[in-house]
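Asker: Chains as they are written, first to last, in my numbering: chain A, 1 to 511; chain B, 1001 to 1176.
Hints are computed from structural coordinates only; laboratory data are not their basis.
We put the beta carbon where it would ideally sit given N, CA and C, even for glycine.
Among the hints, erroneous ones may be present.
From the structure, some residues in chain A lie toward chain B, with a derived Cβ separation under 10 Å [to be verified]:
1) R30
2) V141
3) G263
4) A264
5) Y297
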Amino acid sequence: MSLSRWLPHEARATQGAEVAAISVAAQDWRGFAQDVAAAGGRLLALWATPRQPGVHTLHAVAVAPSQALFATATLPAGTPHYAGIEDVFPAARRLQRALFDLTGLRSTDADTRPWLRHAAWPVDAFPLADAAMPTPASQPVDDYAFVRVEGDGVHEIPVGPVHAGIIEPGHFRFSVVGEKVLRLEQRLGYVHKGIERRFTELPILEGHRLAARVSGDSGVAFSWAYCRALEQMSAVELPGRASWLRALALELERIANHLGDLGALGNDAGFAFGLAQFLRLKERLLRATAEALGQRYLLDFVVPGGTRTDPGSAGAALLSRCLDELASELPVLRGIYEEHTGLRDRFAGAGTLAPELAAWLGVVGLAGRASGQPLDLRLDAPVTPYPALGVRRCTQAGGDVLARVNLRFDELNEALRLVRNILGSLPAGAHSIEVPTPSVGAAAAGLIEGWRGPVVMGLEAGPDGTIRRCHPQDPSWHNWPALEHAVIGNIVPDFPLINKSFNLSYSGHDL
Amino acid sequence: MLKTLRQIARTGIVTEPPPPPADELRVREALGERVGSVLGRALCIRQVDAGSCNGCELEIHALGNPIYNIEALGIRFVASPRHADLLLVTGPVSRHMEVALRRTYEATPDPKLVVAVGDCGACGGIFGASYASCGAVSNVIPVDVVVPGCPPSPARILAGILAALRGPAVDAPQSR
Chain A
1 MSLSRWLPHE ARATQGAEVA AISVAAQDWR GFAQDVAAAG GRLLALWATP
51 RQPGVHTLHA VAVAPSQALF ATATLPAGTP HYAGIEDVFP AARRLQRALF
101 DLTGLRSTDA DTRPWLRHAA WPVDAFPLAD AAMPTPASQP VDDYAFVRVE
151 GDGVHEIPVG PVHAGIIEPG HFRFSVVGEK VLRLEQRLGY VHKGIERRFT
201 ELPILEGHRL AARVSGDSGV AFSWAYCRAL EQMSAVELPG RASWLRALAL
251 ELERIANHLG DLGALGNDAG FAFGLAQFLR LKERLLRATA EALGQRYLLD
301 FVVPGGTRTD PGSAGAALLS RCLDELASEL PVLRGIYEEH TGLRDRFAGA
351 GTLAPELAAW LGVVGLAGRA SGQPLDLRLD APVTPYPALG VRRCTQAGGD
401 VLARVNLRFD ELNEALRLVR NILGSLPAGA HSIEVPTPSV GAAAAGLIEG
451 WRGPVVMGLE AGPDGTIRRC HPQDPSWHNW PALEHAVIGN IVPDFPLINK
501 SFNLSYSGHD L
Chain B
1001 MLKTLRQIAR TGIVTEPPPP PADELRVREA LGERVGSVLG RALCIRQVDA
1051 GSCNGCELEI HALGNPIYNI EALGIRFVAS PRHADLLLVT GPVSRHMEVA
1101 LRRTYEATPD PKLVVAVGDC GACGGIFGAS YASCGAVSNV IPVDVVVPGC
1151 PPSPARILAG ILAALRGPAV DAPQSR
């Protein structure tokens, strides 16, 4: 069955529209997923919205070649289970488990272990369905059923939630023989802080502030995705300059994160020089960003209707100078990384994620492109101004740490080129316009390719300018399971390096 | 190798002088004078992300870059609370991290200092307190210094750490 049967006529006519909203009958949910998969599409987000008691709507955002879809299915009252799609899209497994923890809606999947719920609320409370705030479970720490690996000489290494470095908390359970990793099982949810319920307490015109803080390293991507959803609901046309400034901010965010990662990857391979040099460049960029756009990390730059500030010609010139300096220093550092045999020895062949496996797991974003998965929303479901920017797609086929390092270098160069293009041809005009409050029941999805991968924001308006439902989906949901596969057969001491090469979000995942 | 050395020479020393301690960020005077003399300027920090969005972590990372160069001040980040003199905690404290944060605090030898970083660590920030969030760090463990900001700049975090290190005013009550 082809994908086009799901598209409404108007969406078929306007191929390339940002996101086509479609409605799917509850009994067709699996059929829809299978058609998306058969067309080479990817599941990007999955969530549910509790309606009246017992009635839920199920939502998915998928991207198929040249078309992004926002699907909604209404499950009639008394539906005990909806049809799971974890065999079609493996990443749906954890999404479905989390969906139950928060809303009480169960899929047909046999794995019914909790995912986001530890002990903050009891098994029969559902933070997004219950009107009252859930109270903590009686046990302060719960007992999670890890999969045990048995056999001669197998032992377990539990790591976390508090890790040895300056990183976010999560738990990793390694089953090893000697130094070799037989299996890794992740347990996440430690930084679950109730973001989705918190959204429903905020005015819809202020939700972008919380959106930016879903994952602090991707503030521009999340706040832009939120604002795109909102602006589609209100049907406002943004001034050209507003969109171009947002793209400027998004690419600066990409550059800053890639610089930090390249330094940290050198450091994790024992090359402190790399960390010092790349963090020096990153600091210079952050200072220029703060001077031109008002903040080092642009958590409050994207606002409904445009951007909070305008760099003006002086700010643009300052950023230009900074980026010219960066562009002149990068080839030197890349050359050093490429010629350093010790570094290459650690990078090459470590944490390999083969393209076939990446395709099956539905790995997205930077990690996907380093394993030959081409999806890049800037090309495949672009928002203004990306069609006008002529983004060059970067991919690597190797799937190892080295491929993810090389991809970062390639994307860094491309982002530098894009930013210089943007600064050279910024449209004149206003950087922001007024956005009216959307009417109750209006819903839309915003999709932005952040530095880590595709970021999705599903948004629905409540009465009087409130938020009925807001669901952020970080690309890490799709890539965490891939990390479990990538470390198999590697040695334990390589795990920090492999983990860093993916650099997935905990906060964006745990919500 | 030659390229690496050339790049080091070309870069030179880019470290800036540290900010003065921001004494106004101190919220507790309970530790007594001996902290300063026991810990001196060789301070070991254990960073704990107790629920942050990762924004504060990015700025804490920056403290290690050659511009802020925190190690040149005798301050370093360590891998275990057992080795730490000071906990640098970001929040809000999620309920799922509450036990881990308490245990980390208990595992840190006395005398110890706690610096809460960011608006969320200070008061719960935009996430507030809820079924999943305990809010401010001080709702879970005692806090000596609070550095607000979203995220606070590296210089501000450093000024907060230096303020924690300074012993209390001479006439402050002695609790130990």
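Asker: Please go over all the hints and tell whether each is borne out by the structure.
Answerer: Going down the list of hints, with the structure as the test:
no. : hint : in the structure
1   : R30  : 32 Å, violated
2   : V141 : 6 Å, holds
3   : G263 : 8 Å, holds
4   : A264 : 8 Å, holds
5   : Y297 : 6 Å, holds
Violated hint for the displayed structure: number 1, the only one.
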